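K.L.:
The residues making up each chain are set out below.
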Amino acid sequence: MSRDKSSKFIINKLNSDLGDFSQKKFNINLNRVAFIFLVILIFIILYSTRVVYLSSKTLQTNSYKIGRINRADITDRNGNFISKSVFTSNIGIDPKLVRDKKKLLLKLKYTFPERDFVEIEKKINGKKFFYIEKKVTPERYYQLKLLGEKSIRMEQKITRIYPDKNLFSHVVGQIDDDNNGISGLEKSFDKTLKDGRNSLTLTLDKELQFIIRDELINAQKIFKNIGGAGILMNINNGEILSLVSVPDFNLNVRKDISDKNYINRATKGVYELGSVFKSFTIAAGLNYGLISTDDMFLNLEKKLKCGRRTISEYDENLSKDLSVEDILVHSSNIGSVKIGQIIGQEKLQTFLKKIGILSQLDFDIEETGKPLPFKWRDCKLETISYGHGVTTTPIQLAKGYAILANGGYDVKPTLIKKKIYNSQKKRILNRDVSNKINRMLRKVVTQGTATLSDVEGYEIGGKTGTAQIVENGAYTNKKINTFASIFPSSNPKYVLIILLEDTKLSKDYIYKYRNKTGSYKGTPFNTAGWTSVEITGKIIDKIGPILATKY
Amino acid sequence: MKNYIIITFLLILIIFTSLVKTSTRDLEAKIFTNEEEIKLLSDKKELMLLEHNYLSSPERLYELKNSLFNENLIPLDLKRFIFLKNHE
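Residue numbers (our numbering), protein chains in the order written: chain A, 3 to 553; chain B, 1034 to 1121.
So here's chain A without its partners, still in its complex pose (with noise of 0.2 Å):
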């Protein structure tokens, strides 16, 4: 019994024995273990803060965007760069940086060989940072740069380029060095521009300009006049497909203009048109049903005393007995006056307000001149019916023509071209008086003082308007010749006006007649009918093929 006892113990101690080293053992497996996955889990934490340190980073890489010019360009109506901002970049040297002045003087008259080094010599010899040239071409650029100069400083600028020179010179406007606008379409759209993001394209057509300005640059050598404007725009939705002011100035020489005949006088030049304006006195007539085309007036006078003034027939032949429509097709000047007493006043008035005449116009640039205010009294009514003693800006002109002949809409001329107009148009003139007034404009072309712009196949009509120039509050013998012209009459798309201001006779100018064979040599009269027409016919042959083909 105690023999089992004690090997009953002997058992349980060898048993509790080997329990304690296998418990032991397995405490060292478990911390070894532990410690592993310790470590594991470090470097798994650590990898994977770095992962997501990694990913969470912005992909950091300098962008070709970052400096990039941040002025749009501005095309025309066919995406021909206009005005467009480049790079460009101006070298100068900084005297305190130069190592070997020897040795720098020699690689510049490597690359500069047309420079006068005395003059740069002394520069270099002083403290002053210096340019040694500006805007210079990309292969100069490089070229420089390969010198490895530490005194050569290059600096980028933006310039901005127009690539036509003068041609859009009164519409575009120029730029300061701080890249703001300071007048023209650059000044009004100033911030659209500089947004950047899309190009501004107007409604002007390069060729269509160019054409234009050449013949009123020719009409200078003709007529020797001080300068001139020219109009062309779609009647129905306000394009200006061109507009010309001259003289005009190159933009990309930066100066300050001001001298007043460099004006932009189609949109800020303000003028007395003269007879152009029978048209609008003869519309208003027809329109408030007061007057028809082949309504007579008899027995006119040749001079019509108007409380101090004398108004007289510019053609004394002219007949005694005019219908309406010869009033406008002959400029009868005693006829619009006793159609625009017929009218009144107050009808009057409000027919030039509704056509935008007598206020200033809500454009595109801000160069816009602001019609002379005056007071309706004594003769103001006698005398604007036949358009003097009332002003107005040719752009003006333009749109009131373009109302006349388009069935009797409002238009809104403008230089931004845009993909949807508005079609809810408001009616000013009935369509039969806009058909009326159309026909008569023919007439004026084919049979009376426009007869030299019947150019064949384009069916022109227009009015002509002879006006003398006001200086210093006195009419003197200047003048100022307009045509306001529609084509094609029967069924009108554009106004073409042609302004000139203090035409001159020629002696030397060879007119070819358009209707009848033969020419005439010299200028008879200063009067548009034979200067704006005879420059408009000319203009129109040339503009008559492309309006005709591409629009």
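Everything labelled a hint here was simulated from the structure, so no lab data went into it. Every value quoted in this text rests on a predicted model; they were computed, and no experiment measured them. Do not take every clue at face value.
[Stated by the list, open to error] Just a sample of chain A residues kept apart from chain B, beta carbon distances all over 12 Å, derived:
#1 F37
#2 E151
#3 R215
#4 D297
#5 L306
#6 K307
#7 K322
#8 Q470
[What the hints assert, rightly or not] Cut-off 20 Å, straight-line C-alpha distance, at most; resulting in silico cross-link-like pairs (EDC-like, lysine to aspartate or glutamate):
#9 A/K544 - B/E1096
#10 A/K544 - B/E1092
#11 A/K514 - B/D1110
#12 A/K552 - B/E1084
#13 A/K137 - B/E1084
#14 A/K167 - B/E1104
#15 A/K544 - B/E1069
[Said to hold, decoys possible] Between beta-carbon pairs, the in silico distance windows are:
#16 A/Q145 - B/D1110: 50 to 60 Å
#17 B/R1058 - A/V120: 52 to 62 Å
#18 B/F1049 - A/I184: 58 to 68 Å
#19 A/Q145 - B/K1072: 47 to 57 Å
#20 B/L1074 - A/N80: 32 to 42 Å
#21 B/N1099 - A/K129: 46 to 56 Å
#22 B/L1094 - A/G459: 19 to 29 Å
#23 A/V41 - B/K1072: 23 to 33 Å
#24 A/K129 - B/L1094: 46 to 56 Å
#25 B/L1073 - A/I46: 50 to 60 Å
#26 B/Y1095 - A/K506: 44 to 54 Å
Glycine residues also receive a C-beta, built at the ideal position from the N, C-alpha and C atoms.
With chain A fixed as given, assemble chain B onto it according to the hints.
P.N.:
What follows is chain B alone, placed relative to chain A:
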């Protein structure tokens, strides 16, 4: 045990997302490079167009005409125009 599984699952998800994001960085870099190349080419194209505009401007063509031949250009007569319908 349940908590361990969730934690492990979340950890795997984080690592997997991070790995995917890291691998797309290459793609992003490629896209960026291509975009930059497009910008450079479009700028080049615009400069070429500018040059073309200048070289083919009416003023320059007239200058060339005057220097190369003295004949005056004659405007086309509208009567000689034939309007084709449907390219007939």
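K.L.:
Take the hints in turn and mark each one as holding or not.
P.N.:
Now the hints, each set against the structure:
For A/F37, the condition that its CB be more than 12 Å from all CB atoms of chain B holds, with the nearest at approximately 19 Å. Chain B leaves A/E151 outside its interface by the beta-carbon criterion, the shortest separation being 28 Å against a cut-off of 12 Å. Distance check for A/R215 against chain B: the nearest CB is about 9 Å away, which does not clear 12 Å, and the non-interface claim fails. No Cβ of chain B comes within 12 Å of the Cβ of A/D297; the nearest lies about 36 Å off, and the non-interface call holds.
Distance to chain B confirms A/L306 as a non-interface residue, since its nearest Cβ pair spans about 43 Å, more than 12 Å. With a least CB separation of 49 Å from chain B, A/K307 remains clear of the 12 Å interface cut-off, as annotated. Every C-beta of chain B lies more than 12 Å from that of A/K322, the closest at about 40 Å, which supports listing it as non-interface. At the 12 Å boundary, the C-beta of A/Q470 stays outside the reach of chain B, the nearest C-beta of that chain being 34 Å off.
The straight-line distance between the Cα atoms of A/K544 and B/E1096 is roughly 17 Å, inside the 20 Å bound, and the hint therefore holds. Taking the CA atoms of A/K544 and B/E1092, the gap is near 15 Å; set against the 20 Å cutoff, the hint holds. With a C-alpha separation of about 16 Å, the suggested pairing of A/K514 with B/D1110 holds against the 20 Å cut-off. Annotation: proposed proximity of A/K552 to B/E1084 is violated, straight-line Cα distance about 24 Å (limit 20 Å).
For the hint linking A/K137 to B/E1084, the alpha-carbon distance of about 17 Å falls within 20 Å, and the restraint holds. The hinted pair formed by A/K167 and B/E1104 fails the criterion: a straight-line CA distance of about 26 Å is larger than 20 Å. Of the supplied pair hints, the one linking A/K544 and B/E1069 is violated, its CA atoms being roughly 45 Å apart against a limit of 20 Å. Range check, A/Q145 to B/D1110: Cβ separation about 54 Å, and the 50 to 60 Å hint holds.
A beta carbon spacing of about 58 Å between B/R1058 and A/V120 agrees with the range 52 to 62 Å that was offered as a hint. Distance hint check for B/F1049 and A/I184: the Cβ-Cβ separation is about 59 Å, which falls inside the suggested range of 58 to 68 Å. Between A/Q145 and B/K1072 the C-beta distance comes to about 26 Å, which lies outside the given range of 47 to 57 Å. A hinted range of 32 to 42 Å for the beta carbons of B/L1074 and A/N80 is inconsistent with their spacing of about 22 Å.
Taken as a hint, the range 46 to 56 Å holds for the pair B/N1099 and A/K129, whose Cβ atoms sit roughly 52 Å apart. At roughly 25 Å, the beta-carbon separation of B/L1094 and A/G459 lies within the given 19 to 29 Å, and the hint holds. For the hinted restraint 23 to 33 Å between A/V41 and B/K1072, the CB-CB distance of approximately 49 Å leaves it violated. Distance hint for A/K129 and B/L1094: a CB-CB separation of about 51 Å, consistent with the stated range 46 to 56 Å.
Remark: the range hint 50 to 60 Å for B/L1073 to A/I46 is contradicted by a beta-carbon distance near 44 Å. The supplied range of 44 to 54 Å is broken by B/Y1095 and A/K506, whose beta-carbon atoms lie about 26 Å from each other.
Comparing the model with each earlier hint shows violations of hints 3, 12, 14, 15, 19, 20, 23, 25, 26; every other hint is respected.
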